[in-house]
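Engineer: This is what each chain is made of:
Number of protein chains: 2
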Amino acid sequence: MVKIIRVNMTDRSVRVEPVPEAWLGLGGRALTSAIVAAEVPPTCHPLGPSNKLVFAPGLLSGTAAANSGRCSAGAKSPLTGGIKESNAGGTAARQLARLGIHALIIEGKPSGEGWYGLRINNAGGVVEEESETIGKGNFAVLDALHRRWGEEIGIITLGPTGENMMAIANISTKDPEGKLRSFGRGGLGAVMGSKRIKFITLDDSEASNIPLVDRPAFLEASKKFAKTLIDHPVSGQGLPIYGTAVLVNILNEVGGLPTRNFTSGQYADHDKISGETMHDTIVARHGEPTHNCSLGCQIQCSQIYNDKDGKYLTSGFEYETIWALGAGCTISDLDIIAEADNIMDDLGVDSIETSVMFGVAMEAGVLPFGDGEGVLRLLREEIGKATSLGRILGGGTGAVGRAYGVTRVPVVKNQAIPAYDPRAVKGIGVTYATTTMGADHTAGYAVTANVLNVGGKVDPLKNEGQVELSRNLQIATAAIDSTGLCLFIAFPALDIPECLASAIDMINARYGIKLTGDDVTALGKKTLKIERAFNLAAGIGPEQDRLPEFFELEKIAPHDVAWDMPTEELQSFWKGF
Amino acid sequence: MVKIIRVNMTDRSVRVEPVPEAWLGLGGRALTSAIVAAEVPPTCHPLGPSNKLVFAPGLLSGTAAANSGRCSAGAKSPLTGGIKESNAGGTAARQLARLGIHALIIEGKPSGEGWYGLRINNAGGVVEEESETIGKGNFAVLDALHRRWGEEIGIITLGPTGENMMAIANISTKDPEGKLRSFGRGGLGAVMGSKRIKFITLDDSEASNIPLVDRPAFLEASKKFAKTLIDHPVSGQGLPIYGTAVLVNILNEVGGLPTRNFTSGQYADHDKISGETMHDTIVARHGEPTHNCSLGCQIQCSQIYNDKDGKYLTSGFEYETIWALGAGCTISDLDIIAEADNIMDDLGVDSIETSVMFGVAMEAGVLPFGDGEGVLRLLREEIGKATSLGRILGGGTGAVGRAYGVTRVPVVKNQAIPAYDPRAVKGIGVTYATTTMGADHTAGYAVTANVLNVGGKVDPLKNEGQVELSRNLQIATAAIDSTGLCLFIAFPALDIPECLASAIDMINARYGIKLTGDDVTALGKKTLKIERAFNLAAGIGPEQDRLPEFFELEKIAPHDVAWDMPTEELQSFWKGF
Chain A
1 MVKIIRVNMT DRSVRVEPVP EAWLGLGGRA LTSAIVAAEV PPTCHPLGPS
51 NKLVFAPGLL SGTAAANSGR CSAGAKSPLT GGIKESNAGG TAARQLARLG
101 IHALIIEGKP SGEGWYGLRI NNAGGVVEEE SETIGKGNFA VLDALHRRWG
151 EEIGIITLGP TGENMMAIAN ISTKDPEGKL RSFGRGGLGA VMGSKRIKFI
201 TLDDSEASNI PLVDRPAFLE ASKKFAKTLI DHPVSGQGLP IYGTAVLVNI
251 LNEVGGLPTR NFTSGQYADH DKISGETMHD TIVARHGEPT HNCSLGCQIQ
301 CSQIYNDKDG KYLTSGFEYE TIWALGAGCT ISDLDIIAEA DNIMDDLGVD
351 SIETSVMFGV AMEAGVLPFG DGEGVLRLLR EEIGKATSLG RILGGGTGAV
401 GRAYGVTRVP VVKNQAIPAY DPRAVKGIGV TYATTTMGAD HTAGYAVTAN
451 VLNVGGKVDP LKNEGQVELS RNLQIATAAI DSTGLCLFIA FPALDIPECL
501 ASAIDMINAR YGIKLTGDDV TALGKKTLKI ERAFNLAAGI GPEQDRLPEF
551 FELEKIAPHD VAWDMPTEEL QSFWKGF
Chain B
1 MVKIIRVNMT DRSVRVEPVP EAWLGLGGRA LTSAIVAAEV PPTCHPLGPS
51 NKLVFAPGLL SGTAAANSGR CSAGAKSPLT GGIKESNAGG TAARQLARLG
101 IHALIIEGKP SGEGWYGLRI NNAGGVVEEE SETIGKGNFA VLDALHRRWG
151 EEIGIITLGP TGENMMAIAN ISTKDPEGKL RSFGRGGLGA VMGSKRIKFI
201 TLDDSEASNI PLVDRPAFLE ASKKFAKTLI DHPVSGQGLP IYGTAVLVNI
251 LNEVGGLPTR NFTSGQYADH DKISGETMHD TIVARHGEPT HNCSLGCQIQ
301 CSQIYNDKDG KYLTSGFEYE TIWALGAGCT ISDLDIIAEA DNIMDDLGVD
351 SIETSVMFGV AMEAGVLPFG DGEGVLRLLR EEIGKATSLG RILGGGTGAV
401 GRAYGVTRVP VVKNQAIPAY DPRAVKGIGV TYATTTMGAD HTAGYAVTAN
451 VLNVGGKVDP LKNEGQVELS RNLQIATAAI DSTGLCLFIA FPALDIPECL
501 ASAIDMINAR YGIKLTGDDV TALGKKTLKI ERAFNLAAGI GPEQDRLPEF
551 FELEKIAPHD VAWDMPTEEL QSFWKGF
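Protein chains in written order, with the numbering used here: chain A, 1 to 577; chain B, 1 to 577.
Please note: incorrect hints may appear among the correct ones.
Since the list gives no way to pick out one identical chain from another, each pair is judged satisfied if it fits inside one copy or across any two copies.
[Stated by the list, open to error] Here are the simulated SDA-like pairs of lysine to any residue, each with C-alpha atoms no more than 20 Å apart in a straight line:
#	residue 1	residue 2
1	Lys575	Gly539
2	Lys514	Gly137
3	Lys3	Val16
These are computed hints drawn from the structure, not numbers from a lab.
Only chain A is shown next, with the shape it has when bound in the complex (with noise of 0.2 Å):
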């Protein structure tokens, strides 16, 4: 019998309830936003006792199916001001479903200075008072939890960053090694750090497995499934071998990698932080180059990247962290940016966020561009320690900007602009503009067709078709987002026409339900109508879906090009739903 877990931490009550009708089909993020949309007042402030924070795993997650290990967290972001969804791996979805919970919702908020941790198992759950591992690193409160109750717990954490409630702040989670995968972006660790939970442990030790009303279906389609993955070139070899850092070469060349704060699409220094220098150096000192972040993985995109020595530095060395650190810093030292890597895992920030800060930081004077000594300087002893300067960092890009007069500030919406340039790269521009949850790769990677010919062609320098090819990636990208499957498996749904179709029929076969392609379809558009009201009551209008104004005023090389979306073309977006 599925549930809902809601904890009250203005009494700390937890309550077992029932599933409303209304959420029954829904996971992940459409779960999430359904929840936040019905219980969060869009205008309430982020860190106050109204707003709501709701994990959910997704439709398929606990089963058999590849790729299934996401887990939902949604809120009103502190970052942004507007609905948000972030989803990570590890294993908490798996637990979550293992244990029938459709999505566990935290709400109120504690009037008095002390610390909480919430455990949640098969007979439901119990907040309890913390005091050891509070001020402590995510690796130390691991460490500390798995002591206290053993290694087979799942945890979700909350790093310092979370405690002092920093825009930057993100959610940790336990992977399958005991390493940390991120709910990174829009500051939900701040939503956590206001509820004043450390951590969330969760005991799967006493449930049940997983029911599948079909269960021959359900194999049959997840071998089909499967092999998509594996066929498919992105998703089969380019991102096991060399990570997502694959991309670093990839957007160079199409003059798409954002340099020096964005001042430049390409950067001389690309070699060295690129996926196959990565991949080198990690078979060099026998690391792991292919690593999965969840139970199930077929993709692997994960490493595990060791130092000089051949000791552990960092793993979920993502390229966006290396981008930003890199290029965006112009640090060229792999090295350096694993160290960053692994420090900002501890601390609980989005590595995007604070690493495009960085850049702005950079800028502002506060330190040299490549600076990369600086970089963990400021990290360890500023805003691991919430100094004055420390709290102004850890206010994000977009806070950087307004302390130091900054106007170079890559967001939309407060959130930082990853990891693709917009003047470059147009599809992507739309994404960032219009998506709900603020500048956001994830919410409709338009790479695809922009650069790397998956799901079709479409010219990157040009506006025609980037609003379409971005509205159908963002519709299909909020389904996904609600399965539990990771984005990734969205390179072989673009080409393999059985990617989704099986993917679909593992769903059908695990409810015993009769979804259609359309019905998907329509859970995306609902999901994103959802957000998109949520964020034009909290004060979030058409006029917010844009880029900043220097995309407009600058134009960057080679191709020395500005962004020039006209604003109607943009605005149109929304018109499509």
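Based on the hints, put chain B in the right spot on chain A.
Structural biologist: Then chain B, alone, in the frame of chain A:
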């Protein structure tokens, strides 16, 4: 012949232009808002080259009309993100009018790191490189420029906070005593800083007198007008004797004096910071309890406040500053508040934004409530020196709230809420929520009918009638702000029919036109609609016409009242246009 002076800081050119037909009948706020709306893209970065800083004297500026010394400054605000008009007393309006300057428009932005001074005289103007005064406080700037060009020169100046483009930075201007008045609100100093202009001098030594089309009619109207100012008890007695601080005891009595960062409506130590105490202190120390901020002022609400040794401490010592540091921060020592006021003048910061910000900083634990010495230290050592903490505080009330995760943050559209609690004085709450300016009591001073029984009586604790009251006041205010007349003429204008009639007669006699009362109302409405349209295009929509959530969640003593204005009622404000 009136003219526009257009200064382009990109190439440091100064052009003298004829006044376009559409702008000829406008002055003050009506003109700055019309120019900003016509020439500034609403979505531009407020510190970028596309924003423009506009100064305009009012329709009656430079004449012998009583209280006609207000000068307007306008731009897109870096604090609110919307349109901004802020007006100040002093000598600038008179000098600009005498020079025949209808408006001074500063546009563009230098590419380098150099600083400039702008010198305006009868022949036009010139931009010159500047070094001596850079980094200096406003008083030192006045001294240096007086030494350089004599005491008669008019000066508009930027403090070090403006150089650092802090959002609390104001623009200062000289009063007849050589002290400072401020274009206080909305961070216009940051805009001037972004243009890299340290000061503007106004040399009207070769200017001719203001032409009056019908001199006898003007003089007659002017006499009648002045008499109404003297006859009304508020402008004729309350303000001259006690200054604006007369309001401390009045607001405390009605339970609308926001105390300890808006957690109560009454302050136990109100007597220590009252206008009555200030008056007695000034008299005992041989200061000046009654003083003008501009030539021809009949109200003279200003004063010269000396320290214990009879030495000048500050002037223009306003209720809002005294309230915010006094009741708001529970600093009960008027001498410390006066010293802070003087430092704020020297640094060039909006004393409302800055003082309200300290209340939030105290709630965040940056310093204890009541720590007056701490405020002085933070002003001098942190804000003044632009340290990291200074940069946080310099971002204003909203920025401090975000940096420390405080939820009780009294701002509307990111601008600090002034000295009247909207829960106990609901009419002013409507003004805070709906004005185009961000929270601004002067935009529609409903304290009149809510508390002072001026212009009728509307129960301050009830919602009924407040929207209409605020709307009528906002329309009238926009008109008054366009004349160059001090807003305090509203007290007699609301109660004595000859006041407004004679003001209109003065305008008609000055220009040889035949405006009616309806024309003036139409001007006010038109100005508000222009400002509103700018804000909507900038992404500030009706959902942002609201008070922060905590006013709804938290009741205050003594009336045990929360903010409970229905959203539809509040949003009906703009339907009345």
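Engineer: Please go over all the hints and tell whether each is borne out by the structure.
Structural biologist: We went through each hint and held it up to the structure:
no.: 1; hint: Lys575 / Gly539; verdict: both (19 Å within a copy, 18 Å between copies)
no.: 2; hint: Lys514 / Gly137; verdict: neither (46 Å within a copy, 73 Å between copies)
no.: 3; hint: Lys3 / Val16; verdict: within (7 Å within a copy, 73 Å between copies)
Violated hints amount to a single one, hint 2; each of the other numbered hints is respected by the structure.
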